[in-house]
Amino acid sequence: MSRSATTVGEDGAALLRTVGLTRHFRLGGLLSRRMLHAVDDLDLVINEREIVALVGESGSGKTTVARLLAMIYPPTRGEIYYHERSVHSLRSRKDVLWYRGEVPMVFQDPYSAMNPVFRVAHGVMRNLKLHRPELDRAQRREEAERVFDIVGLNPAGDMLRKFPYEMSGGQRQRVGFAQALAVRPKLILADEPVSMLDVSIRAGILNMMASLRADEGASILYITHDIASARYVADRIIVMYAGHAVEQGPTEVVLSRPKHPYTQLLLSAVPDPREKAVPVSADSGEPPRVISPGEGCRFRQRCPYAIDKCATITPALRPMGPAHDAACHVAVADPVDGDGQSVDGIAVAARDSHVE
Amino acid sequence: MPEPLLEVEDLSVSYLTDSADIRAVDKVNLSVHAGEFLGIVGESGCGKSTLLFAIAQLLSPPAEITSGRVVFRGQDLVQLSDSELRHVRWRDYSVVMQSAMNALNPMKSIGAQFKDTMRAHEQASADAIRSRPAEVLRLVGIDEAHLDSSPHQLSGGMRQRAMIAMALLFTPQLVIMDEPTSALDVVAQRSLMTQIKELQQQFGFAVMFVTHDMSVIAHYSDRVMVMYAGQVAEIGETSSIFERPLHPYSKGLLDAFPSVRGPRRPLTGIPGSPPDLGRPPSGCRFHPRCSEVMAQCVTTEPDLYLVEATQVRCLLYAAHREAASA
Numbered sequence: 608m609s610r611s612a613t614t615v616g617e618d619g620a621a622l623l624r625t626v627g628l629t630r631h632f633r634l635g636g637l638l639s640r641r642m643l644h645a646v647d648d649l650d651l652v653i654n655e656r657e658i659v660a661l662v663g664e665s666g667s668g669k670t671t672v673a674r675l676l677a678m679i680y681p682p683t684r685g686e687i688y689y690h691e692r693s694v695h696s697l698r699s700r701k702d703v704l705w706y707r708g709e710v711p712m713v714f715q716d717p718y719s720a721m722n723p724v725f726r727v728a729h730g731v732m733r734n735l736k737l738h739r740p741e742l743d744r745a746q747r748r749e750e751a752e753r754v755f756d757i758v759g760l761n762p763a764g765d766m767l768r769k770f771p772y773e774m775s776g777g778q779r780q781r782v783g784f785a786q787a788l789a790v791r792p793k794l795i796l797a798d799e800p801v802s803m804l805d806v807s808i809r810a811g812i813l814n815m816m817a818s819l820r821a822d823e824g825a826s827i828l829y830i831t832h833d834i835a836s837a838r839y840v841a842d843r844i845i846v847m848y849a850g851h852a853v854e855q856g857p858t859e860v861v862l863s864r865p866k867h868p869y870t871q872l873l874l875s876a877v878p879d880p881r882e883k884a885v886p887v888s889a890d891s892g893e894p895p896r897v898i899s900p901g902e903g904c905r906f907r908q909r910c911p912y913a914i915d916k917c918a919t920i921t922p923a924l925r926p927m928g929p930a931h932d933a934a935c936h937v938a939v940a941d942p943v944d945g946d947g948q949s950v951d952g953i954a955v956a957a958r959d960s961h962v963e
Numbered sequence: 249m250p251e252p253l254l255e256v257e258d259l260s261v262s263y264l265t266d267s268a269d270i271r272a273v274d275k276v277n278l279s280v281h282a283g284e285f286l287g288i289v290g291e292s293g294c295g296k297s298t299l300l301f302a303i304a305q306l307l308s309p310p311a312e313i314t315s316g317r318v319v320f321r322g323q324d325l326v327q328l329s330d331s332e333l334r335h336v337r338w339r340d341y342s343v344v345m346q347s348a349m350n351a352l353n354p355m356k357s358i359g360a361q362f363k364d365t366m367r368a369h370e371q372a373s374a375d376a377i378r379s380r381p382a383e384v385l386r387l388v389g390i391d392e393a394h395l396d397s398s399p400h401q402l403s404g405g406m407r408q409r410a411m412i413a414m415a416l417l418f419t420p421q422l423v424i425m426d427e428p429t430s431a432l433d434v435v436a437q438r439s440l441m442t443q444i445k446e447l448q449q450q451f452g453f454a455v456m457f458v459t460h461d462m463s464v465i466a467h468y469s470d471r472v473m474v475m476y477a478g479q480v481a482e483i484g485e486t487s488s489i490f491e492r493p494l495h496p497y498s499k500g501l502l503d504a505f506p507s508v509r510g511p512r513r514p515l516t517g518i519p520g521s522p523p524d525l526g527r528p529p530s531g532c533r534f535h536p537r538c539s540e541v542m543a544q545c546v547t548t549e550p551d552l553y554l555v556e557a558t559q560v561r562c563l564l565y566a567a568h569r570e571a572a573s574a
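As given, the protein sequences belong to chains A and B, one line each in that order. Under my numbering, the first sequence is numbered contiguously, ending at residue 963. Under my numbering, the second sequence is numbered contiguously, ending at residue 574.
The set of hints was computed from the structure by calculation and includes no laboratory data. Positions of the beta carbon are idealized from the N, C-alpha and C atoms, including for glycine. Please note that the accuracy of each hint is not assured.
Label-pair distances were calculated between CB atoms; the ranges are [unchecked claim]:
1) B:D551 x A:P723: 37 to 45 Å
2) B:S487 x A:F725: 43 to 51 Å
3) B:S292 x A:F770: 16 to 24 Å
4) B:N353 x A:P929: 49 to 57 Å
5) A:H690 x B:R512: 26 to 34 Å
6) B:P250 x A:D822: 57 to 65 Å
7) A:S719 x B:P310: 23 to 31 Å
8) A:R925 x B:R512: 27 to 35 Å
9) B:P310 x A:F632: 38 to 46 Å
10) B:A557 x A:R791: 52 to 60 Å
11) A:S719 x B:N353: 22 to 30 Å
12) B:T265 x A:P762: 26 to 34 Å
13) A:S719 x B:R317: 37 to 45 Å
14) A:F770 x B:D269: 20 to 28 Å
Please work from the sequences and hints to get the whole structure.
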């Protein structure tokens with residue numbers, strides 16, 4: 608089902624991985640002790656030619672992860688390894704440029720991500736000049752037209768001459784992807800690339816992301832709050848809650864056999880125009896406060912299955928099935944014979960209420 | 249069928265600019281019955297928010313109602329003066345805005361804003377002004393202690409709930425909602441929608457609900473109106489439109505959603521982007537993006553045709569009207 612290895616291979620083939628990646632923000636003045644835990648101890652693996660979806664609600668830390676990976680700010684703790692090379696050790700301008708070219712970011716809001724006084728060609732050409740200095744002027748132009756063609760902005764020549772205000776939101780988001788593509792990326796960090804777009808043009812961008820992987824061989828970290836679109840494009844899904852990865856695994860496995868109670872809640876809340884509404888839990892959807900949290904599971908106040916242990920010990924990710932992990936004390940792994948028939952109460956209930 | 253609570257007749261709204269008049273709402277007809285939940289869906293720029301503002305008489309220049317009537321309980325709101333409107337607005341119909349963060353005054357406590365609203369719209373007794381805010385806050389599941397809270401101390405979901413509580417201060421007969429859930433996460437959105445539905449069943453008010461999200465509409469509305477480029481594209485019972493959408497645009501909107509359940513199917517979306525209302529396409533406004541476009545669509549402007557109980561603006565169904573009138 609999944610098109611590539613779902614965890615780091617024995618040969619260490621991960622394109623990018625993080626070890627204990629953590630980012631805290633101090634709230635208030637310099638001497639304040641109040642720390643916002645945006646991301647805590649995240650171990651993330653992205654393989655070559657893989658689309659990984661990072662799913663969570665606002666405030667879950669998913670955008671912080673993208674910004675850490677894009678070197679927009681440094682981690683509080685933990686390491687990022689790109690091709691097994693520590694990103695933290697990249698010091699020279701040349702190395703940093705190299706990394707940023709390999710791992711570009713596409714931003715959420717295509718309306719504010721472009722300089723309104725320049726034609727859209729400006730951004731692409733500048734990227735090329737910076738990251739691929741070996742190209743001369745004519746080659747840069749050629750390359751810009753090539754990437755515009757790939758993202759479906761044709762005729763590329765005309766499109767390059769437009770100003771951002773002359774383009775629709777969907778077209779601007781395609782420009783964002785074209786800018787990323789121009790530097791021959793290995794991994795595109797796409798932070799909610801469709802959430803500001805109208806529903807009728809979202810499908811086009813999602814399809815384009817799938818073809819970027821197929822044709823250009825780029826991996827994509829797709830950050831989203833929309834679990835349905837994650838399912839549509841991603842091989843693997845990582846669910847974040849309050850700064851922790853609470854569940855990860857192949858998309859279809861996570862969605863059909865969600866193990867973490869939060870994933871189950873999230874799935875039950877996803878509306879589907881073609882389906883009857885499933886019964887609603889009493890959960891009010893209040894996000895957690897992750898300011899100086901102590902030990903314990905951060906979902907426990909909302910969790911219907913919480914036990915005493917949840918308040919004292921932070922659950923770590925543990926295996927639930929092949930390449931499928933969840934960070935929950937209560938969840939029960941699939942039996943090893945792999946017939947998919949879980950005997951676990953939560954999982955069975957979840958399957959009955961969320962599937963079909 | 250009883251007299252509708254709200255009847256909008258041939259309502260047009262234009263944004264009057266120096267270069268051109270942009271007609272954001274074009275001859276819209278609709279009615280809302282007591283206790284009904286009407287959903288209005290459309291993409292950004294289709295005129296759905298402008299329509300709501302026009303109905304609520306909240307338009308400000310350069311937007312202007314150029315023709316049509318908004319008859320609410322037998323009274324044409326368009327003709328009312330500001331002071332006459334003040335007696336109707338909020339008491340008989342209220343509005344919940346899209347962004348609660350911007351709609352609430354950041355400098356004042358929730359309770360103070362509720363009290364201001366009561367004083368402005370009714371000769372409320374001092375007793376009522378004291379007790380009613382706490383009552384409505386409890387209705388939406390917020391502890392009354394939050395009457396003393398400032399908006400920034402509430403989460404996004406709670407702020408939206410507070411807005412809804414404010415809309416219910418006078419138990420209105422119609423509550424107009426402009427994308428109240430679009431800034432919320434799925435779980436919070438789900439919980440808020442369920443609450444709106446429960447309150448509606450409890451108090452029997454009608455809801456006009458604008459959104460760009462078909463799935464929210466599918467689960468909660470009785471009737472749905474699909475808007476495209478300032479016009480009604482399709483209007484009818486929610487269940488029948490979701491089972492059998494008639495307008496190619498409605499079909500496209502439904503097909504644009506990936507599903508979390510069932511088989512993975514390729515999505516097509518709708519090619520192109522919504523038109524510029526200053527220069528709407530000739531003929532059918534949807535024809536440049538339509539998958540079922542015919543030669544006549546480019547030249548002939550379609551009417552609304554009645555197909556069973558659904559009205560649809562598409563020439564594919566033009567035969568239906570002729571059949572009906574023959």
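Check: Which hint numbers does the structure go against, in order from smallest to largest?
Finding: Every hint satisfied by this model.
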